[in-house]
Amino acid sequence: MLSKATLTLLALLLVGAANAQTFTETTDAGNSLATAVTPTSANGTLSTINGFNPIGGDVDIYRIFISDPSTFSASVIQTVRT
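Under the working numbering, the first residue of the sequence shown is numbered 1, with each subsequent residue one higher.
Rather than coming from a laboratory, the hints here were simulated on the basis of the structure. Glycine is no exception: its CB is placed at the ideal position from the N, C-alpha and C atoms. Check the hints yourself; a few may be wrong.
[Unchecked claim] The following label-pair restraints were derived from C-beta to C-beta distances:
1. ALA34 x SER70: 23 to 31 Å
2. THR27 x SER70: 30 to 38 Å
3. PRO69 x LEU33: 16 to 24 Å
Modelling step: build the complete structure from the supplied sequences, incorporating the hints.
Written out as structure tokens, the structure reads:
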């Protein structure tokens with residue numbers, strides 16, 4: 001049986017995940033720290049950042065704040081547009 005503290009923690013994590021939003025790049029993100037884009041969401045929590053890198057090379061840098069490194073993960077998925 002799960003403790004009350006464990007159940008509370010799980011509930012908070014689920015609420016946070018349910019409120020997470022997606023940021024989609026609308027203008028080219030910068031290629032240096034000085035021109036990096038800071039993704040925003042209505043509630044401050046992001047689950048996904050969608051960017052665009054044309055064939056031929058481009059660099060997009062995003063400035064994000066990680067409030068809890070123990071729950072942070074990242075992956076890159078390449079989709080080829082035709």
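Hints, verified against the model:
1. At about 30 Å, the CB distance of ALA34 to SER70 agrees with the hint of 23 to 31 Å.
2. Checked against the hint of 30 to 38 Å, the pair THR27 and SER70 passes, with Cβ atoms roughly 33 Å apart.
3. For the pair PRO69 and LEU33, the supplied restraint of 16 to 24 Å holds, since their beta-carbon distance comes to about 20 Å.
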